[in-house]
Amino acid sequence: MFSFHKTPRLLASTCCGVILASVPILGAAEQTGYYGYGEPATDEQIAAWDIDVRPDGMGLPEGSGSVDEGMAVFETHCASCHGAFGEGMGRYPKLAGGDGSLTEDRPEKTVGSYWPYASTLWDYIHRAMPFFAPQSLTDDQVYAVTAYVLNLNYIVEADFVANKETLPQVEMPNHDGFIWEDPRPVVNNERCMENCKEEVTVSESAAGKNLTPSTTGPLDEGITE
Amino acid sequence: MLGKLRRLNQDASKIALEESERLPSEERRRFLRSGLFTAGGAMVGGALAGIAPKALASTQFPPEIPPWTRTLGPGVVTDPYGVPSPFEKDVIRRNVPWLTADKVSSISFTPLQHLKGIITPNGLFFERHHAGRPEIDPQQHRLMIHGLVDRPIILSMEDLQRFPSVSQINFIECPANGGMEWRGAQLNSLQFLHGMVSCAEWTGVRLSTLLQEVGIKPEGKWLLAEGADGAAMTRSIPLEKALDDVIVAYAQNGEALRREQGYPIRLVVPGWEGNTHVKWLRRLEVGDKPWMQREETSKYTDLMPDGTAHGFTWVMEAKSVITSPCPEMPLKSKGVCQIEGLAWSGRGKVKAVDVSVDGGQNWQQAQLREPVMSKSLTRFSLEWKWDGNPALLQSRVIDETGYVQPTLAQLKQARGTNSIYHKNAIQTWKVNGDGSVVNVQLS
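Protein chains in written order, with my numbering: chain A, 1 to 225; chain B, 1001 to 1443.
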């Protein structure tokens, strides 16, 4: 299975057998292709599976779609869950609106108010939408729906046509709203052991709220809200 | 085939149980005996094993000699794949219907109140699917590794198992665990409050071994992991972590991964948000920048009170919870009882756990049960003499980095109430005079 290499052999005169047995294996396994298992991935295979799109546009395919075309696709494939204007239905996500709500008591995190990159919209619609038939839209349809949802959020004009050149240029309103470095730990509790506080007040109790499904018997479908 | 047989078996058991419960105890005994000796066969035998104790328990204490001591039980391979006793039927994953739009993109919770030790049985490991659970034939599944690598490859599941394997015990926790409680106490249940955490022994191939095999180009800094499910779930992971302790796992507690856990393969990213442990893994791509996918921008980012959001908050900070007593497991009587619970940290080992019975005024150090392992659940216990008065129980973990689990008030002060994720605050259980236990929050 594995071959012995020059370095370990040189060590042979100075090392004991136990160490020798492990050194060549570790050394060789660091080489690319050491095991040689599997098949080389061809360009065609990679192209078919490599569907991710980055903010700089890397991964966006040929094709295009307009806001108007997107409206038609949206009404057929998206509106039943997201509402005709992206207002959301039931617990399915709202896609538009919520501008300036991020500091409010009940923030609405939508494409317009929250999403930092337009590329993510194309990537996600393409990989996972429509929810009930993922990866069933053509690239042109994905461009069109992307344009439509951006327009619903007043991020692009009604004559916008999305393609691999225009989409990476779209600036999202909340682009600068993120810190991409974890600041935690930010809370520093102390390990106090005695007389740690003067008084203890219970401010909230789950008792009597009737929101908890049963934890005995069969699955409890009764409590819907 | 086997699954169908098991279901039949359980159905038979249920029917027999209902049958026997209608009979007086003497008749019940006769019913059981006749069942065993006249019908024979694995199915009826299996049914008997299930019904005997429950139907007769009230009359079988000493000095009685129970019938199961005086008869033969069903033979081996009655259940070719063993299932829990029917008396454990309450010990199941459960969901909160009002939490999500449907069960396809949803979550179920581990019944922590019933579990012992630190390992979660495979059938009780919490579930989080973004597009349901795919049914994947491992023969038809491939893992592609490509991008900024010297040798892009496609591996079959058999290929993967030829690489050197490792096993490690790690918890996985959804960062939304407890996320329903930022604004107040809502759910009165350990299972629903904290059951988005589970722990298993994972076996697979070190990601570093696979990346070594394909050869990372010098510009490679990030890894994209992608699932084969209908969400094609993705996360960007920095190579530093990928090369540290991440594995491509094909086994869970000694057997193949369960479908709910990513069969045939998943990523295990110890100590990091559950959603980074991409299930049904089909593709790993090396790149020079993160991909800013939906699940790391619009979701799994933490909104702060000032309107900014924190992204790439991967680590699950230290957390602990008392699992007994809890709302599902009230105290039975005054006197000596064992307070037990679980503690864990995404940054390493649990160093200590303290327990308070007076709402955090005074604390006592609990005992840690071996084994205490990095990025694993750790069980703790403390003996307590309950005097029958109301009490406020809390546990507080300290991990090996010195991090002390915060109070909810401290956490809310820092994060507000709209961050959804990473609520690792100290849990308070109120013990009432009758021994019942309620989820409460302190101001």
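Derived from the structure by calculation, the hints contain no laboratory data.
Only a predicted model underlies this, so the values are computations on that prediction, with no experimental measurement involved.
There could be a bad hint or two in this list.
Think about it this way: if two alpha-carbon atoms lie no more than 25 Å apart in a straight line, the pair counts; the simulated DSS-like pairs of lysine-lysine are [stated by the list, open to error]:
id, chain 1, residue 1, chain 2, residue 2
1, B, K1221, B, K1116
2, A, K209, B, K1385
3, B, K1221, A, K94
4, A, K197, B, K1299
5, A, K197, B, K1412
6, B, K1116, B, K1299
7, A, K197, B, K1103
8, B, K1412, A, K209
9, A, K94, B, K1103
According to the in silico footprint, chain A covers these stretches of chain B (three or more CB under 8 Å from chain A) [unchecked claim]:
id, stretch
10, 1331-1342
11, 1398-1405
By construction, the Cβ of each residue, glycine as well, lies at the ideal position given by its N, Cα and C atoms.
Structure-based check of all given hints:
Between B:K1221 and B:K1116 the alpha-carbon distance is near 41 Å, which puts this suggested pair outside the 25 Å criterion. Note on A:K209 and B:K1385: the hinted pairing is violated, with a Cα-Cα distance of about 30 Å set against a maximum of 25 Å. Proposed proximity of B:K1221 and A:K94 is contradicted: the alpha carbons are some 34 Å apart, above 25 Å. For the hint linking A:K197 to B:K1299, the alpha-carbon distance of about 37 Å lies beyond 25 Å, and the restraint is violated.
At roughly 18 Å between alpha-carbon atoms, A:K197 and B:K1412 fall within 25 Å of each other, so this suggested pair holds. Restraint check: the Cα-Cα separation between B:K1116 and B:K1299 comes to about 33 Å, which exceeds 25 Å; the hinted pair is violated. A hinted pair counts as satisfied when its Cα atoms are at most 25 Å apart, and A:K197 with B:K1103 does not qualify at roughly 44 Å. Under the criterion of a C-alpha separation no larger than 25 Å, the hint pairing B:K1412 with A:K209 is consistent with the structure, at around 22 Å.
At most 25 Å may separate the alpha-carbon atoms for a hinted pair to count; A:K94 and B:K1103 meet this at roughly 19 Å. Coverage of a stretch by a chain is defined here by at least three residues with a beta carbon nearer than 8 Å to that chain's beta carbons; for the stretch 1331-1342 of chain B and chain A the count is 0, and the condition is violated. Under a criterion of three residues with beta carbons nearer than 8 Å to beta carbons of chain A, the stated coverage of the stretch 1398-1405 of chain B is upheld, 4 such residues being counted.
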